[in-house]
Amino acid sequence: MIEYIPENILRWTRLGMRKSFGGMMEDIVRDYEDIVILAADVASSAGLSRFQSIFPHKFYNIGIAEQNMVGIAAGLAKEGNNVFITSFAPFVALRAYEAVRVLVGYMDLNVKIVALASGLSLGSQGNTHYCLNDLAIMRTIPGMLILSPADCIEAAKCLEFLAGYKGPAYLRLTGIDGTPGVYKGDYCFEPKKNALLREGTDVIILGTGSILNECVRTSRALKQDGISAAVVDVHTVKPLDTDFLNQICRKYQLVVTVEEHSVLGGLGGAVAEYMATAGKHPHLLSIGIQDVFPKTGDYSYVLQQTGLSALQIKERIKQRLETD
Amino acid sequence: MKGKDIRILATEVRKDIIQMTLQAGVNGGHIGGALSSVDILAVLYGAVMNVSAEYPDDTLRDRFILSKGHIALAHYAVLAECGFIARDDMLTFEKSGGEFPTHEEMNIRKGIEISGGSLGYGMSIGVGCALAAKRSDAEYRTYVLLGDGECNEGSIWEAAMAASKYNLDNLTVIVDVNGQQLDGYSADVMPIYDIVQVFQGFGFHVVEIDGNDIAQLEGAFAVRCLGKPIAIVAHTIKGKGIPEIEGKTGWHHASINQEQYESFVKQLEEAK
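As given, the protein sequences belong to chains A and B, one line each in that order.
Here numbering that gives the first Met the number 0 is used: the first residue of the first sequence is 0, the next is one more, and so on.
Here numbering that gives the first Met the number 0 is used: the first residue of the second sequence is 0, the next is one more, and so on.
It cannot be assumed that every hint is accurate.
Coverage of chain B stretches by chain A, computed from C-beta distances (three or more under 8 Å per stretch; other residues unrestricted) [as the list claims (entries may be wrong)]:
1. 107-115
2. 124-135
BS3-like cross-link-like pairs, simulated, lysine-lysine; straight-line CA separation at most 30 Å [claimed, not checked]:
3. LYS164(B) / LYS165(A)
4. LYS94(B) / LYS265(B)
5. LYS165(A) / LYS191(A)
6. LYS133(B) / LYS94(B)
7. LYS265(B) / LYS57(A)
8. LYS227(B) / LYS57(A)
9. LYS317(A) / LYS183(A)
10. LYS165(A) / LYS222(A)
11. LYS237(A) / LYS317(A)
12. LYS271(B) / LYS247(B)
13. LYS250(A) / LYS191(A)
14. LYS14(B) / LYS247(B)
15. LYS57(A) / LYS164(B)
16. LYS237(A) / LYS57(A)
17. LYS165(A) / LYS133(B)
Beyond 12 Å from chain B on every Cβ pair, some chain A residues (computed) [what the hints assert, rightly or not]:
18. GLY22
19. SER48
20. GLY125
21. LYS279
22. THR322
Calculated directly from the structure, the hints in this document are not laboratory data.
Ideal Cβ placement from N, Cα and C applies to all residues, glycine included.
Looking at chain B on its own, in the form it has when it is part of the complex (with noise of 0.2 Å):
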């Protein structure tokens, strides 16, 4: 995957994800959540992770887990884009008895980690994928995504305090702080006071950044602490790369018709 034009990835899977949100008709998709993690996503598998779709299975494999499940669309795109799912295979997002529904179901072929969906359960399985690790001296990274808004639920913290107790600095967190969740704002729903101090706390290295900048990205995703695993806050904007919904809220699940997907595009054409 690594050397392929991040920026290029980026955008394709963005037209990726608001095309499939089309497909999927009334189902809709989470397209608000995806978009902001694309670049997040971009990243991981297009210049930081060792993951091949010729050897999806290969015990060494760097480990990604989707915690917050509900943006499986934009990991369906990214896998597709890596040639992990044919993309045929995933324009068959959330049809019936498809492979591919709304929250993603464990398929390590297609390079799906954990079948997602119910929030804050993907940290303890990361933690638990990082102390394999450890125990087999294997030299496979465990990267979990979160959303800030899944960090409400308690099971995080958890997982966190477990981190830190067995020096797992094998493990890198990512947070997705787009700052809304599914009644709104973050602020207003449950704000956590200090997100950076919380994972300090925890015994985290933090790296916080600017979630849509590729390079920061990148910068981030290299910093390593010996004993400690690390957090990168990212912070990022909802609707990302489609001006026309970026930060509004009513976007964390929709769906689109032709008229919409069509402008969508050009406004992602024009952001390029």
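Isolated chain A (complex conformation) (with noise of 0.2 Å):
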């Protein structure tokens, strides 16, 4: 079992998602013997090198084949495994996604998917390790369940939950080490269901990732100048918390997205693909990643030059408000 202890706390957001990841599935197969965790070569990038001397027996490096990772999960899983895969996210999601739509969404087997470093987490490694398309995708997959979570600590209860879920998901794994987290400690995880993150009257913002955090920022500086803006945790981009979007989202004039992915067919495209057709809707701004390969460099500097800084989300926000 997970602890959510200021010093565990402290240490995943020191390492940022993707090296916690090792260390909390550490904690996790404690409680699920089933489980067999596959790695494309990424084990020491994935903190899971002490998993695998800890559990040989539960750990299989396959190299750097993506696909036969997947196809190798899909057998393990159909014989009854419970099967969690991991690579980079680019690699995962998109070069080997015809395995996955085929081996692991069409054949409904118990395969979930740890996308590391997806956004722009890999900063200046560049545009092939940036993975801005994998929600829009996977998306596509029929059965396909998706998180994303906000923080360390909102990834280690995706993970306890996956632990026990059984049928195909994508766990997507965003932001760098250091990242601030927007959770403080141990909370209620309500998968599939939106989390209310700051209160507000004027606008909601919808978020999802470690983007999260420049959210809540953004509606630190809104409330400044006045604007009243909510902060959502959309940790389940599949299925949508269809409820959410028409209770509490109708009550607002504005309605704004917020992800490290590009604006076509991710959380933005998922809202108002929705929005659109259920009936009269508020205004929505979706804030992503425009349909470019953005200029590479730090994290911060690719943050910055997609837009994504949390005042630069405020000033588009803004602007809307005022244009509205």
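From the two separate chains plus the hints, produce the assembled complex.
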């Protein structure tokens, strides 16, 4: 069992979601005998080195062969194993996409995909290592559960949930080492239910992943300008919490989505698809990466380049409120 | 299944294949590669594998993974001959809304282990099944049927590396080397320099045989090698059993009419 004690939370935050994954699984696997983990030559990147030495019979390094990893996972899952697979997001989500669609989705197998360092997390490594369309394509696989935690605490909550979940799932890890969390300690995580992080009355910001840290700062900055902005953690991108969209979002004049993902097909796309076809709705503003390969650089540089810093988000929202 | 005369089983399966192709009308069937694999399937189901139509989901059953998924009609036929699928159901092949489309959909009760059709994945799944058996000390064996054209897919070789790394001596991979693929001869489309040496290089124990010879197939399936996966390189003839189409291109996927059907059945009977 994972302990949500300050010492652990501090360590996770220092490591970031990606490198915390392995340590979290060390705790989880003690409660779930049937778990096996497959990695595509990313054990150290995923913080799995110690896991591998403690539980050598529960870990397989498949090498730099993501499609094969998905196939082996399918075979293991078919025979009753509770399988987690991991690689950097673009390689497991994009390169191995068809394998995921057919062998995990179509065959409805118990494989949980842990996508490391999605979004812009890998900063200076550039566009081959960014993953800005995984939500878009994973959403189109019928039955695929998509979780996108806001911080390390929520990543741990998602992993605990997935350990007991049976079926195809995609866990999108974002942020870098040191990205501040939005949760301070243990809390009641409800899968498939949006979580309100900050109350507000003028605007509602729906964010997903570690960018929620910027969204909370955006909301604070807006407050100083006299605008009251609620912030919501959409940790489950699929299935979308449509009750929340119907009952809560409709009360606002503007619904803003923020994601470290292309504006095409991600959270903004999902919300717009739903709202646009489900009757009268508030104005929508989708903030994410425009349809470009961003210029590469440090994580904070790329966030700035793509307009995803807290103050840039604030300006976009203010502009929009003025023109609406 | 064991004890059934393999030659008779193979002929019945071939007749079923052309009947299904006829019934499918304009949809047609992957008749050429289905016929080349029939003897492999007949030996596996008739003499080798521990599978039973009565207990199709027995956890100790041998696993058969059809990786060259386009010959599902041959698999449906052998499953029907062995009692997994009712004959009438088999003849719903490619019918809209049916259980037996061109490419298989996973259905353990009917003896179908995976959803196939996208080439290059069966061996990875087979590695997973064989690894699962090792993990749980289960004594089942995993068989994967590949096409030689399918070996163009790089994922096959990713899986081959893994099979060897994990010493999967409970895995037998059969390559149906019929020498052709969709666009024609594999030698023209994309040849493999030496498939025997390639599998050996990946750490397999390789057995090279005539894949349309029942006795050679039975011998090959009995081969075991401690710590090594087995690859059976089975040289076959595309369209095997119907002299008119044997080895000819253009029969990878085809429709047939009543007249052709009758002629093909006659040729099968004569070749028996």
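We went through each hint and held it up to the structure:
no.	hint	in the structure
1	107-115	holds (count 3)
2	124-135	holds (count 11)
3	LYS164(B) / LYS165(A)	holds, 29 Å
4	LYS94(B) / LYS265(B)	holds, 26 Å
5	LYS165(A) / LYS191(A)	holds, 15 Å
6	LYS133(B) / LYS94(B)	violated, 39 Å
7	LYS265(B) / LYS57(A)	violated, 56 Å
8	LYS227(B) / LYS57(A)	holds, 22 Å
9	LYS317(A) / LYS183(A)	holds, 29 Å
10	LYS165(A) / LYS222(A)	violated, 42 Å
11	LYS237(A) / LYS317(A)	holds, 29 Å
12	LYS271(B) / LYS247(B)	holds, 20 Å
13	LYS250(A) / LYS191(A)	holds, 21 Å
14	LYS14(B) / LYS247(B)	holds, 19 Å
15	LYS57(A) / LYS164(B)	holds, 16 Å
16	LYS237(A) / LYS57(A)	holds, 29 Å
17	LYS165(A) / LYS133(B)	holds, 23 Å
18	GLY22	holds, 24 Å
19	SER48	holds, 19 Å
20	GLY125	holds, 24 Å
21	LYS279	holds, 38 Å
22	THR322	holds, 48 Å
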